[in-house]
Amino acid sequence: MAKIYTGRDGSLLLGGTTLVKVSSWSLQGELETLETTTLGDDQKTYVPGLQSFSGSAGLLYYSDDANRNDASTLLRKIVKTSGVSASDTAELTLRLSDGNTNKDVKFTVYITSVSIGAAVGEISKADINFQVTGAPSSVTM
Amino acid sequence: MSVYLGRFGQVELKRQSFDGLKYSVVNPSDINTSKKRFSFDFDIGLLHSGDQLEIRSTDGSILAFVAAAGWGNSQQQSAGTWYVYIDDLGGIRLYSSFDDALEGLSVNAIALQSIATNIPISVKIVNSIARILAQCTSFELNTNRETVDTTALGEEFRSNQSSLISGSGNLRAVWEYLPTEVDNNPAETVHYLMQLALRTEIGSGFAAKLYIKTAGDYSLGTAADDELWYEIDAIVTQAGVSYGADAYVEIAIDFVTTGPIRLRAKTITSNIILQENTDDILLEQDATARLLQEVVA
Numbered sequence: 090m091a092k093i094y095t096g097r098d099g100s101l102l103l104g105g106t107t108l109v110k111v112s113s114w115s116l117q118g119e120l121e122t123l124e125t126t127t128l129g130d131d132q133k134t135y136v137p138g139l140q141s142f143s144g145s146a147g148l149l150y151y152s153d154d155a156n157r158n159d160a161s162t163l164l165r166k167i168v169k170t171s172g173v174s175a176s177d178t179a180e181l182t183l184r185l186s187d188g189n190t191n192k193d194v195k196f197t198v199y200i201t202s203v204s205i206g207a208a209v210g211e212i213s214k215a216d217i218n219f220q221v222t223g224a225p226s227s228v229t230m
Numbered sequence: 103m104s105v106y107l108g109r110f111g112q113v114e115l116k117r118q119s120f121d122g123l124k125y126s127v128v129n130p131s132d133i134n135t136s137k138k139r140f141s142f143d144f145d146i147g148l149l150h151s152g153d154q155l156e157i158r159s160t161d162g163s164i165l166a167f168v169a170a171a172g173w174g175n176s177q178q179q180s181a182g183t184w185y186v187y188i189d190d191l192g193g194i195r196l197y198s199s200f201d202d203a204l205e206g207l208s209v210n211a212i213a214l215q216s217i218a219t220n221i222p223i224s225v226k227i228v229n230s231i232a233r234i235l236a237q238c239t240s241f242e243l244n245t246n247r248e249t250v251d252t253t254a255l256g257e258e259f260r261s262n263q264s265s266l267i268s269g270s271g272n273l274r275a276v277w278e279y280l281p282t283e284v285d286n287n288p289a290e291t292v293h294y295l296m297q298l299a300l301r302t303e304i305g306s307g308f309a310a311k312l313y314i315k316t317a318g319d320y321s322l323g324t325a326a327d328d329e330l331w332y333e334i335d336a337i338v339t340q341a342g343v344s345y346g347a348d349a350y351v352e353i354a355i356d357f358v359t360t361g362p363i364r365l366r367a368k369t370i371t372s373n374i375i376l377q378e379n380t381d382d383i384l385l386e387q388d389a390t391a392r393l394l395q396e397v398v399a
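Going down the list, the sequences are from chains H and U.
Position in the first sequence (first residue = 1) + 89 = the numbering used here.
Position in the second sequence (first residue = 1) + 102 = the numbering used here.
In case anyone wonders, no lab produced these hints; they're calculated from the structure.
Glycine residues also receive a C-beta, built at the ideal position from the N, C-alpha and C atoms.
Hints should not be assumed to be uniformly reliable.
Which residues of chain H face chain U? A few of them, derived with a C-beta cut under 10 Å, are [what the hints assert, rightly or not]:
id, residue
1, 98
2, 99
3, 114
4, 207
5, 216
Assemble the whole structure, with the sequences as input and the hints as a guide.
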């Protein structure tokens, strides 16, 4: 069945748990290309190099009745009193779902930057950027 | 079900400024004791006749240029509050009443006396008495609640969170220049709001009560004397004059509110004691005393 996906179909999971009040996510995938062009070639040629993935997400700074605050969980990956260690990773799943089938990209990331603020007349929202380490562990998108 | 007309509405205006103090110096040469007039450096349009000023010396010295008779306790102090009349040349006379300040007559002005040294002062327009805006023909107040979008991924309906409240509006009045009265009380003229729009240094603020219903509407029975009004602090953003040979001169003022907007009500309780049986109503202090009712024929 034909399907156009929108923000209504999107979600972001941390360690398999769906985060609440996520307003956006995005993913960028890149492939470095290594040039193999030689003398006498008419066109440039390349071979694939290293892949990298990064992305961003926006979360409302929101505490539910049980005091769960997903934005805070991700913020504290980098906003902390001790240094960031190799274990400060997060397992994120970016998901688009039609209700029956999930289109996922799952990977381990380091949170590379966070931004949060309060402004008159606006909601407080945490914007995070992440860098994927290693290959995605699952891709069904 | 009723339809209400604007017969029992009015606008009450209170002069005030929100943007701080004006600092200046009163020099000995600024004082004319025979004319009861003094001055200090201020831009034309800063002060208007009828403003109630708090004048305060910034170095703590007494305001020696105001004679002792001009003080409530007949003792000169370092700060005082008076109504002012501003003449065409920027001269100031002090008065103890709003009416006198609008008339600006020398005979009613507070006496001044010479000083030997400069007195540094600060001036601000203070809260004064609310007065009915004369010849007001209409007003409009819009309150606006902003919302912020809190819709999250996966949701099918937009969700919003309440945010800030703001207000704006306008009022119209037939132009009046001379001091006037409403119900035998001094009234504010819309001319003052025109002046406010042009005041530069201490802002164009005013406080107002916009009455949707005033007392005296006897068509409402027991609610005749109830009152309902919006209470706002506002800043004049635009003043327009409509002038034509075949029409009365009308002034339109646009404003935005600043700070809280309150919709207030004053309900008058009925002065009836209900006794549902034939017993006496006894007074607590004296068991033999009775509450007597005077029957008005």
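task: Provide an ascending list of the numbers of those earlier hints which the structure does not satisfy.
output: Failing hints, ascending: 4, 5.
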